[in-house]
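Residue numbers (UniProt numbering), protein chains in the order written: chain A, 1 to 139; chain B, 1 to 139; chain C, 1 to 139; chain D, 1 to 139.
Don't read these hints as lab results, they were simulated from the structure. The structure displayed is predicted, hence computed values, not measured ones. Ideal Cβ placement from N, Cα and C applies to all residues, glycine included. Among the hints, a few may not be true.
Stated by the list, open to error - Just some of the chain D residues that point at chain A, by a computed CB distance under 8 angstroms: (1) S42; (2) K91; (3) D97; (4) L104; (5) D115; (6) R129; (7) T131.
What the hints assert, rightly or not - Derived DSBU-like pairs: lysine-lysine, alpha-carbon spacing no greater than 35 angstroms straight-line: (8) B:K7 x C:K106; (9) A:K91 x A:K106; (10) A:K106 x B:K91.
Unchecked claim - From the derived model, a few chain B residues whose C-beta atoms are all more than 12 angstroms from chain C: (11) P19; (12) D97; (13) K106; (14) D115.
Protein chains: 4
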Amino acid sequence: MPLTMDKAALDAFLVEQFPQVAEEFVIDAVEENALKLRLVVSERHLRPGGTVSGPAMFGLADVGVYLAILAMIGPRALAVTTNCSIDFLRKPAAERDLLAEVRLLKLGRLLATGDVLLHSVGRDAPVARATLTYAIPPA
Amino acid sequence: MPLTMDKAALDAFLVEQFPQVAEEFVIDAVEENALKLRLVVSERHLRPGGTVSGPAMFGLADVGVYLAILAMIGPRALAVTTNCSIDFLRKPAAERDLLAEVRLLKLGRLLATGDVLLHSVGRDAPVARATLTYAIPPA
Amino acid sequence: MPLTMDKAALDAFLVEQFPQVAEEFVIDAVEENALKLRLVVSERHLRPGGTVSGPAMFGLADVGVYLAILAMIGPRALAVTTNCSIDFLRKPAAERDLLAEVRLLKLGRLLATGDVLLHSVGRDAPVARATLTYAIPPA
Amino acid sequence: MPLTMDKAALDAFLVEQFPQVAEEFVIDAVEENALKLRLVVSERHLRPGGTVSGPAMFGLADVGVYLAILAMIGPRALAVTTNCSIDFLRKPAAERDLLAEVRLLKLGRLLATGDVLLHSVGRDAPVARATLTYAIPPA
Chain A
1 MPLTMDKAAL DAFLVEQFPQ VAEEFVIDAV EENALKLRLV VSERHLRPGG
51 TVSGPAMFGL ADVGVYLAIL AMIGPRALAV TTNCSIDFLR KPAAERDLLA
101 EVRLLKLGRL LATGDVLLHS VGRDAPVARA TLTYAIPPA
Chain B
1 MPLTMDKAAL DAFLVEQFPQ VAEEFVIDAV EENALKLRLV VSERHLRPGG
51 TVSGPAMFGL ADVGVYLAIL AMIGPRALAV TTNCSIDFLR KPAAERDLLA
101 EVRLLKLGRL LATGDVLLHS VGRDAPVARA TLTYAIPPA
Chain C
1 MPLTMDKAAL DAFLVEQFPQ VAEEFVIDAV EENALKLRLV VSERHLRPGG
51 TVSGPAMFGL ADVGVYLAIL AMIGPRALAV TTNCSIDFLR KPAAERDLLA
101 EVRLLKLGRL LATGDVLLHS VGRDAPVARA TLTYAIPPA
Chain D
1 MPLTMDKAAL DAFLVEQFPQ VAEEFVIDAV EENALKLRLV VSERHLRPGG
51 TVSGPAMFGL ADVGVYLAIL AMIGPRALAV TTNCSIDFLR KPAAERDLLA
101 EVRLLKLGRL LATGDVLLHS VGRDAPVARA TLTYAIPPA
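With the hints as extra help, turn the sequences into a complete structure.
Put into structure tokens, the structure is as follows:
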């Protein structure tokens, strides 16, 4: 199954549909059933001790899976997250961006599920992992 | 097991430790192993279609369980979330605050787990549910 | 929304559709959006140390939510679990049956989600909690 | 960090500690922070329609992560599962064994977390994914 939206199309969609958060995210790569999304970490994402906040990590994983799905099926702004499980494994490095590596495990007619590994750019050990399921509205 | 921190103590802790987000949250009630936390919904929490964003709901549940634990064991700013599962069930009402009803299911020496139901104020049907586990640092 | 299947109808369904496991389970109560299911604990459910095995607890929660859904929508043997999160909180008492208290949080056209608290009969503290989502096939 | 238990040591541990289930499982491979465990599917694991039951898949993932942890830290029969999230993605092939590919994401002093992909032997598409966290007792 080929890509329906390439990186340029996803970039444009992000700016148009999510103007509040588009500037925080950079799509680093997109291919069939996989996508890399980077959170440009700034003051607003930090918590006491200099760590990236849980909601910021959740949001990165959530947007990453969403864009990976749209890359395959095209722009449907109404796909909604139905479930997320997330494990926080290590403290992220505060002075580094956070990279989400997304892999779609299922892209069904009604439900899509993606796995995400998050790590600080330049570090191997994952700081978190997440799985998200989206309900896909009829085309 | 009696409360170690009452509502006034938790209010003060929130302002001191989380100045970035303290104004978004109101502690509506606290008792043994239970707490009600309200998200004062404003423009920054909304997404296209007027719905409250996923990260905002995650953050509400996360802070709610954290405060419920601190109410029991006292202020330990370094307790960290290790795991969260969250199910998004219905679209929240955009023009209403979001209420998290937290119940601690376990308060162990090393791990604490809390359940959360989220609903729009004045509406019965839950918009989300979440369970969060925290690792508790040695006293 | 009234019940579509009462306790007698669910009992019969369980025996007919799940002969391998029907004898392990007793439906203790059923009402709108809620059900109590008991696991009759025997040797086969135990693990070293006399505790009830994780798969046995998972199965109890899974069947409990399934029956709670069927009680509302009628017999559809093809509803399938899409997601489960489960937290193991305390060691169950080996010499006691395990009771699952199920509450449906959402019963949509395509997805249904139920929450479960598990505890040893006669003990208050929960040994586990779980949330399960089922995909419902078209009627 | 080298392996503390090799395949032969894990095989022996499984037989000794879990005689009830040891014959159902085959360790196909073990290396640092990774393990492949196979469920020898038989009648007892099947459900109506010929699919492998949810509890059987949960049990496979649970034992797989447990053995992957023990391979690293040595035999500690008292490590306990604290949390599992599992997504059921596709119907497994009933006539084929089920393979769990386990990868440890974190091996801390108190908590260890592993990711699992399950697929029917000879098929690429995953039938389920799971993440499990274990609490590790003091050495």
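Verification of the hints:
no. : hint           : verdict
1   : S42            : 27 angstroms, violated
2   : K91            : 12 angstroms, violated
3   : D97            : 20 angstroms, violated
4   : L104           : 10 angstroms, violated
5   : D115           : 6 angstroms, holds
6   : R129           : 6 angstroms, holds
7   : T131           : 6 angstroms, holds
8   : B:K7 x C:K106  : 32 angstroms, holds
9   : A:K91 x A:K106 : 29 angstroms, holds
10  : A:K106 x B:K91 : 24 angstroms, holds
11  : P19            : 32 angstroms, holds
12  : D97            : 20 angstroms, holds
13  : K106           : 4 angstroms, violated
14  : D115           : 6 angstroms, violated
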